[in-house]
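Trainee: Residues per chain, in single letters:
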Amino acid sequence: MAEKAASPDRRPVVTPTRVVAGLCLLAPFIAMLWVSSYARIEPTLIGIPFFYWYQMAWVLISTALTAVAYKLVQREQRARKGGAVR
Amino acid sequence: MTTPVTTLAAASRGINGVALAVFVFFFLAVTVMGFLAARWRRAEQSASLDEWGLGGRSFGTWITWFLLGGDLYTAYTFVAVPAAIYTAGASGFFAVPYTILVYPLIFTFLPRLWSVSHRHGYVTTSDFVRGRFGSKGLSLAVALTGLLATMPYIALQLVGIQAVLDVMGVGGGEHANWFVKDLPLLIAFAVLAAYTYSSGLRAPALIAFVKDGLIYLVIVVAIIYIPIKLGGFGEIFHSAKETLAVHGPTGKPRGELASGPNAQWAYATLALGSALALFMYPHSITATLSSRSRNVIRRNTTILPLYSLMLGLLALLGFMAIKAGTDTRGNAQLAIPQLFADMFPSWFAGVAFAAIGIGALVPAAIMSIAAANLFTRNVYKDFLKPAATPEQEHKVAKLVSLLVKVGALVFVLTMDKTVAINFQLLGGIWILQTMPALVGGLFTRWFHRWALLAGWAIGMVYGTLAAYGVASPTQKHFGGSSAEIPGIGEIGYIGLTAFVLNVVVTVVLTVVLKALKAPEGTDETVPADYTADLGDKGVTADLPPATTGAPAGH
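Chains C and D, in that order, are what the protein sequence lines are. Counting with my numbering, you get residues 1 to 86 for the letters of the first sequence. Counting with my numbering, you get residues 1 to 554 for the letters of the second sequence.
No lab work stands behind these hints: they were computed from the structure. Glycine included, C-beta positions come from ideal geometry on N, C-alpha and C. There may be inaccurate statements among the hints.
Here are the in silico distance ranges between beta carbons for each label pair [stated by the list, open to error]:
#1 45(C) <-> 261(D): 18 to 26 Å
#2 517(D) <-> 36(C): 46 to 54 Å
#3 511(D) <-> 34(C): 50 to 58 Å
#4 238(D) <-> 74(C): 42 to 50 Å
#5 471(D) <-> 78(C): 19 to 27 Å
#6 209(D) <-> 46(C): 30 to 38 Å
#7 46(C) <-> 190(D): 53 to 61 Å
#8 41(C) <-> 486(D): 47 to 55 Å
#9 383(D) <-> 34(C): 43 to 51 Å
#10 231(D) <-> 37(C): 40 to 48 Å
#11 253(D) <-> 34(C): 43 to 51 Å
#12 79(C) <-> 461(D): 46 to 54 Å
#13 533(D) <-> 41(C): 46 to 54 Å
Here chain D is said to cover these stretches of chain C; the calculated rule only asks that three of the stretch's residues, wherever they fall, bring their Cβ under 8 Å from a Cβ of chain D [stated by the list, open to error]:
#14 13–20
#15 40–54
#16 67–75
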């Protein structure tokens, strides 16, 4: 998938913050598409096979990761705006 | 498919009076709300497409959350996904990774679309594609695909309503003629059409609050109450394992409890393909563009996954239906409504049915509005009547929202309803083919417009033919959405295979056309358009009423 392209001003497109945010967004894809890593029954959680509770746990993990990415992107945006205009 | 386990639930087949009364009460309440919605947060200038179709583009985080959630949390969630689990076990659970993957994608792509749309007054993806690539042909292809793909998705909602009506005993049964059988469905459908027609996007946005309240209530109760009644999750999965291992009429086991080695490609491709498809649907775009700022969208991707968690829990209801020995009378779509009817007291079953019914109506309304926006802007105005006034556009959009629903009815009446999840997957096969133009266009102008058009055409033809060739136990064609991936030999989602083919053709032809120096078309956007936010020059939350006629190169 394409990374963030063309920025309006002449600043580097790839910054450490963006790389970290990108990784946060990429992680769920690796985890979820690698089906054989979680296609098993044991260990069960309150009777629910691993296959199911693991994927549902990833709902929470990916939410946390997206929230981190959001905070990072927002912080960088603010810093850019502050530096450029005000 | 008949359940091999003995049916414990020999529930009465008559009309369930209490449940029906509760259902009708809620249904009437939201209908009144739907009509009153026209007055909610109303702007002075109301007879324009922006007002009717995007609610004036003024929705904040919470309403956007409800709207986007409305797209995901549909009859699909309540009926089709648990039914797929009930029928085949683990393979139906792909809906969970699917909805996990949607949010990182939205986070990455849609803020750029929001920005460029608010700079140039785009209402649809086709608007953007035309502006970006200067190609009316490509824009038309995207518009027609959106219209086509939306119909089976709306049809899925109708199947959901029908399942609820059947279980309540007002579906008419097998012996009634088709008109009596489908009459309640047609009534529900007419009500939906009427308030969408009069109130536009405000109606589903307002009703979404009621819908979500009901749905959360029902889920929380169902997920705690039913397992207790059935002896806990351990019991449920133990029984499901045994039932799924029983060999069906095809000589193979009915399903698995965890995705086996032969099913893993299909599982992953279904999840990825559906995720890529979801935010390209006109209705996802409508909900996104009606938000107030870029940040509303991003903030939403951090709270929307709440819905996915609920989806996962609901999916498990499919196993509970197996354990409970729910009698589905050969139609797996009835599994969850019937489970509710068997487990809950009548009045609460009525609440649950109302949740499912209204949960189907809201997205159906949003979807038909989105499809109408698309037709009006990109077919009617671009090709049929370029000089149309905002009032005329408004009128045409309302009419098309009706026609799209009729198209959906055709899908319901002609396709195999026993695997309703395929309705959603079939739409996905088509809508995915617009991705290179849309997402490619959001990030780069490298692709050539004619190459995109050719790639789209190849993807559409391959996807449709492949889906046509899939048989199911009850139907010869369009019986499923997975087939062997050429060259890999594994079973995978047709939509994703077609998409890869589409991209390959697009890339190759782009190289060729660039070498031949074929005309590229004009790009009316500039890089800064893609990152503009509320408060930047030329960006307003509420686009001026003139938007429908301005300013993008007509």
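Trainee: Taking the beta carbons of residue 41(C) and residue 486(D), is their distance inside 47 to 55 Å?
Mentor: For residue 486(D) against residue 41(C), whose Cβ atoms are near 33 Å apart, the range 47 to 55 Å is violated.
Trainee: For the segment 67–75 of chain C, count the residues whose Cβ lies under 8 Å from any Cβ of chain D; is that count three or more?
Mentor: Holds: 5 residues of the segment 67–75 of chain C have a Cβ under 8 Å from chain D.
Trainee: With 46 to 54 Å as the target window, see if residue 533(D) and residue 41(C) comply at their CB atoms.
Mentor: holds, 48 Å
Trainee: That 53 to 61 Å hint for residue 46(C) and residue 190(D) (C-beta), does it hold up?
Mentor: Taking Cβ atoms as reference, residue 46(C) and residue 190(D) lie about 45 Å apart, which means the hint is violated.
Trainee: Just to make sure I understand the rule, a stretch counts as covered if three or more of its residues have a C-beta closer than 8 Å to a C-beta of the chain. Does the segment 13–20 of chain C meet that for chain D?
Mentor: As far as the segment 13–20 of chain C goes, the hint is violated, because 0 residues have Cβ atoms under 8 Å from chain D.
Trainee: Given the range 46 to 54 Å, decide if the beta-carbon distance of residue 517(D) to residue 36(C) lies inside it.
Mentor: holds, 48 Å
Trainee: Is it true that the C-beta distance of residue 209(D) to residue 46(C) lies inside 30 to 38 Å, as the hint says?
Mentor: At 32 Å between Cβs, range holds.
Trainee: Could you see if the CB distance from residue 45(C) to residue 261(D) stays within 18 to 26 Å?
Mentor: holds, 24 Å
Trainee: State, for the Cβ atoms of residue 79(C) and residue 461(D), whether the hinted interval 46 to 54 Å holds or is violated.
Mentor: Since residue 79(C) and residue 461(D) have Cβ atoms about 49 Å apart, the given range 46 to 54 Å holds.
Trainee: With 19 to 27 Å as the target window, see if residue 471(D) and residue 78(C) comply at their CB atoms.
Mentor: The hint (19 to 27 Å, Cβ to Cβ) is violated, given that residue 471(D) and residue 78(C) are roughly 56 Å apart.
Trainee: At the C-beta level, are residue 511(D) and residue 34(C) separated by a distance inside 50 to 58 Å?
Mentor: violated, 32 Å
Trainee: Given that the segment 40–54 of chain C was listed as covered by chain D, double-check it with a C-beta distance under 8 Å for 3 or more residues.
Mentor: It holds, with 10 qualifying residues against the three required.
Violated hints for the displayed structure, listed by number in ascending order: 3, 5, 7, 8, 10, 11 and 14.
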